[in-house]
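All chains, please: the whole structure from these sequences, using the hints.
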Amino acid sequence: MNWTWFHRLGSPPHVYGFAERWAPWIGGVAALAIVVALYGGLVLAPEDYQQKDAFRMVYVHAPSAWLSLMAYSTMAVAAAVGLIWRMKVAHSAAAACAPIGAWFTVAALGTGMLWGKPMWGTYWVWDPRLTSELLLLFLYIGYMGLRAAIEDPQKADKASAVFAIVGVVNVPIIKFSVNWWNSLHQEATVMRMGKPTMNGDMLWPLLLMFVGFSLYFAAVVLIRLRAELLRRERSASWVREAVA
Amino acid sequence: MSKFFAMDGYGVYLWPSFALGIGVIVLNVILALRSLAAAKLEARRRLEMRS
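Going down the list, the protein sequences come from chains A and B.
Each residue of the first sequence is one higher than the one before, starting from 1 at the first, in my numbering.
Each residue of the second sequence is one higher than the one before, starting from 1001 at the first, in my numbering.
Honestly, the hints are just simulated from the structure, not real lab data.
Among the hints, a few may not be true.
[What the hints assert, rightly or not] Capping the alpha-carbon separation at 30 Å, the derived lysine-lysine pairs in DSS-like fashion look like this:
(1) K1040(B) x K52(A)
(2) K1040(B) x K158(A)
(3) K117(A) x K52(A)
Everything numeric in this text was worked out from a predicted model, so none of it was measured.
Put into structure tokens, the structure is as follows:
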């Protein structure tokens, strides 16, 4: 197998150039997908027989929650790659994921609370799903705090990577909390074994929203990764060309 | 139109929820671009000081 692509991923100028070229395109497709999915979810999809129009909150809540978990998983994988292969770019990528993931955890919690009030009669319960998602927010904050607190970049990389990898145990706990314990939160309707339990007219805007959020995440990570690389590689010769 | 905004009476929860989601989307783009612009500025200043 040809491993050239993997070795190239270890080269900051190569990754910087790749991010510069691709982020606008990926971001553009993401914006288009999100706008079409919003129209599909808010206007075209029929109302739910039980939750009426309140169900439409799924189009912003579920993709936010998905992104909060995807960002953490990506961060932990990047951190592990950074530790195993001593790849600085991977540590930078992990660091780029954290603030985005933290913000979308806030969005998932906030939109969930706004959905919980009319459906459950309360904004918050100390339920396994809600509590483990709140813990995810603290893990993101802990990761960023740890990186900020250690001055030596290499030590910060190592410590924060170990922290990210240990914390990843919370990801399956969040995902399966609704199956493992009694929960007010409904079970998975799309990402489950077998077919989704959602009508096609309601489903396509949601799937498109997942695609849009995933591409959006990729685009924003690439922008943040460029900033991380510039700060880290301050004395490298390629930086002069990159900021010219 | 007003029926659309009322959302069966759930509009009071639904619209803030969408505003929060879209707000976080826009905010993250702005924060990322600002972080990149600041990093570029820092790098330029350092290069100028060296030369």
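Violated hints - listed by number, lowest first: 1
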